[in-house]
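Student: Using the sequences plus the hints, can you model the full thing?
Residue numbers (my numbering), protein chains in the order written: chain A, 1 to 306; chain B, 1 to 258; chain C, 1 to 301.
In short, the hints are calculated from the structure, not lab data. In this text, a Cβ means the ideal position worked out from N, Cα and C, and glycines have one as well. Check each hint, because a few of them may be wrong.
Partial list, derived from the structure: chain B residues whose beta carbon lies under 7 angstroms from chain A [said to hold, decoys possible]:
#: 1; residue: T89
#: 2; residue: R96
#: 3; residue: I98
#: 4; residue: R100
#: 5; residue: S226
#: 6; residue: Q253
Beta-carbon label-pair distances, calculated as ranges [what the hints assert, rightly or not]:
#: 7; chain 1: C; residue 1: K38; chain 2: B; residue 2: S226; range: 45 to 53 angstroms
#: 8; chain 1: A; residue 1: W13; chain 2: C; residue 2: G128; range: 28 to 36 angstroms
#: 9; chain 1: A; residue 1: V167; chain 2: B; residue 2: R21; range: 53 to 61 angstroms
#: 10; chain 1: B; residue 1: S192; chain 2: A; residue 2: E65; range: 46 to 54 angstroms
#: 11; chain 1: B; residue 1: R21; chain 2: C; residue 2: K38; range: 48 to 56 angstroms
#: 12; chain 1: B; residue 1: L5; chain 2: A; residue 2: K130; range: 40 to 48 angstroms
#: 13; chain 1: C; residue 1: K39; chain 2: B; residue 2: L30; range: 44 to 52 angstroms
#: 14; chain 1: C; residue 1: L287; chain 2: B; residue 2: S226; range: 46 to 54 angstroms
#: 15; chain 1: A; residue 1: K130; chain 2: C; residue 2: L188; range: 54 to 62 angstroms
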Amino acid sequence: MSAIIVAKDVGRWYGEVVGLSDLSVSIEGGVTGLVGPNGAGKSTFMKLLVGEIRPSRGALTVLGETPFANLRLYRRIGFCPQQDALYDHMRGREFVAALVRLYGFSAKESNRLAIRALERVHLEDAMERKVGEYSKGMRQRTRLAQAIAHGPELLVVDEPLSGLDPVARHETLELFKELGEAGTHVLLSSHVLHEVQSLTQEIVLIHRGRLLAQGSVGDVRRLLSRHPRRVRLTVREPRRLAEAFLRFDHVGAIRFHDDDGLDVETRDVETFFKDLPALATELGVGIKSLESPDADLEAIFDYLVG
Amino acid sequence: MIELLRATWLLFRMQLTMVMRSRRMLLAILLAAIPPVIALIVATFAPGDVKPGEILASISFWLNLQVIVPILALVAGSAVVTEEIENRTITYLFTRPIPRPALLFGRLLATLVLVWLLLGSSAIAIALAAAQRTGELPDGLALRVFAANIVGGTVYTILFATIGVFLRHPMIVGLGYTFAFEMAIANVPGGSQSLTIQYHLRSILVDATETCWQSAEILNIDSFSSPGEALGTLAVVAIVTLVVGALGIARRQYVLTA
Amino acid sequence: MKATTHTEIYRPFEGTLSTRSFRFLTIAWSGIRLASKKKLPLLVMLGPPAMAAIIFSFIVYASYALQKGEVPGIDAGQAQMVLALAGKNTEVAEQIVSFLTFPLVRGFVLLTVAWFGAGMIAEDRRLGAHLLYFSRPITRLDYLLGKFLATAWFGCLALLVPAIAINTIAAFSSPDWSYVKDQWDVILKTVAFSAAWIAIITALVLAVSSLVERKTLALAAVFGLVFLTEAVSNVLFQLTHESRYRLLSLFRNTDRLADWAFARKTSYDWAPEASLCAVSMLFASTLFVLWWRLRRMEEVA
Numbered sequence: 001m002s003a004i005i006v007a008k009d010v011g012r013w014y015g016e017v018v019g020l021s022d023l024s025v026s027i028e029g030g031v032t033g034l035v036g037p038n039g040a041g042k043s044t045f046m047k048l049l050v051g052e053i054r055p056s057r058g059a060l061t062v063l064g065e066t067p068f069a070n071l072r073l074y075r076r077i078g079f080c081p082q083q084d085a086l087y088d089h090m091r092g093r094e095f096v097a098a099l100v101r102l103y104g105f106s107a108k109e110s111n112r113l114a115i116r117a118l119e120r121v122h123l124e125d126a127m128e129r130k131v132g133e134y135s136k137g138m139r140q141r142t143r144l145a146q147a148i149a150h151g152p153e154l155l156v157v158d159e160p161l162s163g164l165d166p167v168a169r170h171e172t173l174e175l176f177k178e179l180g181e182a183g184t185h186v187l188l189s190s191h192v193l194h195e196v197q198s199l200t201q202e203i204v205l206i207h208r209g210r211l212l213a214q215g216s217v218g219d220v221r222r223l224l225s226r227h228p229r230r231v232r233l234t235v236r237e238p239r240r241l242a243e244a245f246l247r248f249d250h251v252g253a254i255r256f257h258d259d260d261g262l263d264v265e266t267r268d269v270e271t272f273f274k275d276l277p278a279l280a281t282e283l284g285v286g287i288k289s290l291e292s293p294d295a296d297l298e299a300i301f302d303y304l305v306g
Numbered sequence: 001m002i003e004l005l006r007a008t009w010l011l012f013r014m015q016l017t018m019v020m021r022s023r024r025m026l027l028a029i030l031l032a033a034i035p036p037v038i039a040l041i042v043a044t045f046a047p048g049d050v051k052p053g054e055i056l057a058s059i060s061f062w063l064n065l066q067v068i069v070p071i072l073a074l075v076a077g078s079a080v081v082t083e084e085i086e087n088r089t090i091t092y093l094f095t096r097p098i099p100r101p102a103l104l105f106g107r108l109l110a111t112l113v114l115v116w117l118l119l120g121s122s123a124i125a126i127a128l129a130a131a132q133r134t135g136e137l138p139d140g141l142a143l144r145v146f147a148a149n150i151v152g153g154t155v156y157t158i159l160f161a162t163i164g165v166f167l168r169h170p171m172i173v174g175l176g177y178t179f180a181f182e183m184a185i186a187n188v189p190g191g192s193q194s195l196t197i198q199y200h201l202r203s204i205l206v207d208a209t210e211t212c213w214q215s216a217e218i219l220n221i222d223s224f225s226s227p228g229e230a231l232g233t234l235a236v237v238a239i240v241t242l243v244v245g246a247l248g249i250a251r252r253q254y255v256l257t258a
Numbered sequence: 001m002k003a004t005t006h007t008e009i010y011r012p013f014e015g016t017l018s019t020r021s022f023r024f025l026t027i028a029w030s031g032i033r034l035a036s037k038k039k040l041p042l043l044v045m046l047g048p049p050a051m052a053a054i055i056f057s058f059i060v061y062a063s064y065a066l067q068k069g070e071v072p073g074i075d076a077g078q079a080q081m082v083l084a085l086a087g088k089n090t091e092v093a094e095q096i097v098s099f100l101t102f103p104l105v106r107g108f109v110l111l112t113v114a115w116f117g118a119g120m121i122a123e124d125r126r127l128g129a130h131l132l133y134f135s136r137p138i139t140r141l142d143y144l145l146g147k148f149l150a151t152a153w154f155g156c157l158a159l160l161v162p163a164i165a166i167n168t169i170a171a172f173s174s175p176d177w178s179y180v181k182d183q184w185d186v187i188l189k190t191v192a193f194s195a196a197w198i199a200i201i202t203a204l205v206l207a208v209s210s211l212v213e214r215k216t217l218a219l220a221a222v223f224g225l226v227f228l229t230e231a232v233s234n235v236l237f238q239l240t241h242e243s244r245y246r247l248l249s250l251f252r253n254t255d256r257l258a259d260w261a262f263a264r265k266t267s268y269d270w271a272p273e274a275s276l277c278a279v280s281m282l283f284a285s286t287l288f289v290l291w292w293r294l295r296r297m298e299e300v301a
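Tutor: Written out as structure tokens, the structure reads:
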């Protein structure tokens, strides 16, 4: 798949404050999570992508176009900003329809698209109410509706899950999945890592304005060889299994917990997982559960951000 | 070009409904209502020798032109772009496929409609209030007052809207311009007066040959230019300011803060 | 999941809870510190009154020095120029009242107080900081006094400090401390007049600030109000020739009160009590607005 977003040595600073520093990244289509702690530069990157601001240095293209004030590009993208700002005196439908009209649709068509988008974010019951009366979650969903209403090729969403209750979060994540499956490219930023991971394995991790990691969560974890991977097992006879593990060179440390728990640290997780079934069968130790707690995005994030 | 016109029209309609429901509108109505109320008070309580022309001339010159028109234009004009920035809603418009100057033109046009409506009605109401007195209004005076109000409102609104394109606090700069620069320069005898908008508006308003202006205690009454010349100069100022504003908004980046 | 508690990490409080008196001073101090962070506006706004104070101080000094014939290196022409600058009357009280009512000084004092005071309550409301204030043991009066003192502080820097400086120069320049001995009442009047003027415009600015949610709007409203009342009073006076309409103007009233307080010859034809009444009404109504708005803010909090 070809890259939809290409940034080369992109830097952006606000006076003396550095927003992004020499960021070079190439993002392919599909659903991608832009992750990083608060103040990492996620929002700055997104603002650059949608042409709200220009890079102070470097080059950036989105869908092959330079973003700033590019009307051709704006027809193809949708942006859901982070800030809780709407035209409060308007009704939900009016708000979305008014913004959709700016794409060149007729009043009737804009209205139809606005209603459809509001239905997709489950706001059909509230769309005739004034936006100023909406709850925080409803406002967030309205922002999302205005971004998807015109059917963009690329959806850029800044912290879309903040302010949503668990049900709305689930529905929103489902919506992104649907959009992704329908061929829309989605780039969403978040610092709630497990939610990003539940949606996509493709991540771009930035910290202090710099690119820290990029790729699938598993691939990134594999690259972090200096951090041994922890595997947590629950077995019937943990001590026998631990004794057997000590024969492996790649096993660095073993810890027992509770009566039947065992934490193993390995420097070669692939070999470990290849050898484990045979070993367990041979010893008859009865593995009850197996998990790798530091293979998730949260652990990678902790390793990289420190 | 068609895109620009279409977007301007859409944003004009959006802004018109917005501005009608805003608190600024309420403030603007209150401001525009002050001169007619004063005119009515004077028409009722002034001594018998005060003629309707003198009431209209004095109120238009000292109150309307120097205070009400600039303040009302400042309240309305400084919000044209700044309101979108302060409310952080400019993102929605700048990520739509519309030429950026349409934002300035559309919102400015809606604001101008409001300014024309208020200042125009204010001028008419002052004339009507003054006409309560016995005696006739001098020929063309009401028209001059109306024209000065409308032209003044237009030029000042465009100026303050354009300042808002470039500066974060156009209201403060506008206050400084109106009450420090203009008040100082426009009242100093000499050629420097023509550097102010006030001077040209006064030229539209004042007809030195009319007796009603004699009692208004206006300094340098003979130094004003002709109304036609003043109108031409103000038209150039307005167009140049508008073009500068359009170019500015097309290129400027707005960093939105919480 | 195994439930745990972590109460053991907290040390139980030992001692007595006490509330600090003069809590408004904390609010005032934080307001002053916050507003003083930007040095450029402070410099720009305090510069012109300071320069005016230097000029008036020089005139006062020169007047005394000339009286004593103690200005070395100054020739007759220069002496005449100094006396011309001082006006016909070289009385110190005359110079001080001229300084206090000098249009440039008056304008910049208003600008300074408006600039630093416009956001005091408006920004608290916009950012919701009043919710934090009123969720603490702070009364409305504490809050009001805190904001008032913070705003008035800048007014004092612009007016009271330069006025005292002129008095100090007069005291040191006068022969045998005659200024302090014979004209001590001028010093008291200077302080009282400056304090009253600062208090009035501070209350006005804060009242406007409590009505809007943005500093810039408050700033525009203060200037709009002052210039509008000035223009209205002028027009009404011009057309009706009735001087009572001039009581609408804040500046005319303070001029009249200054004439009265410093026993200066006045050009106004109304009694000082009328101006006193007008200014008191303005002050009372600003305090009423402030009290009403703060009550609303407290109720919301």
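Student: So, S226 of chain B near chain A? Judge it on the closest CB pair being under 7 angstroms.
Tutor: 43 angstroms, violated
Student: For L287 of chain C and S226 of chain B, compare the CB-CB distance with the range 46 to 54 angstroms and indicate the outcome.
Tutor: 51 angstroms, holds
Student: Taking the beta carbons of K38 of chain C and S226 of chain B, is their distance inside 45 to 53 angstroms?
Tutor: For K38 of chain C and S226 of chain B the Cβ distance comes to about 46 angstroms; the hint holds.
Student: Lying within 28 to 36 angstroms: is that true of the beta-carbon distance W13 of chain A to G128 of chain C?
Tutor: 30 angstroms, holds
Student: Given the range 53 to 61 angstroms, decide if the beta-carbon distance of V167 of chain A to R21 of chain B lies inside it.
Tutor: 33 angstroms, violated
Student: Indicate whether the distance between the beta carbons of S192 of chain B and E65 of chain A respects the range 46 to 54 angstroms.
Tutor: 50 angstroms, holds
Student: Can I98 of chain B be said to touch chain A, with a Cβ gap under 7 angstroms?
Tutor: Holds, about 5 angstroms.
Student: For the range 40 to 48 angstroms, tell me whether the beta carbons of L5 of chain B and K130 of chain A fit it or not.
Tutor: 30 angstroms, violated
Student: At a threshold of 7 angstroms, is the proposed contact between R100 of chain B and chain A supported by beta-carbon distances?
Tutor: With a closest approach of 6 angstroms, the R100 of chain B hint holds.
Student: For K39 of chain C and L30 of chain B, compare the CB-CB distance with the range 44 to 52 angstroms and indicate the outcome.
Tutor: 37 angstroms, violated
Student: Using the nearest Cβ pair, does Q253 of chain B come within less than 7 angstroms of chain A?
Tutor: Since chain A brings a Cβ to about 4 angstroms from Q253 of chain B, closer than 7 angstroms, the hint holds.
Student: Evaluate the given range 54 to 62 angstroms for the C-beta pair formed by K130 of chain A and L188 of chain C.
Tutor: 59 angstroms, holds
Against the hints set out earlier in the document, violations occur for numbers 5, 9, 11, 12 and 13.
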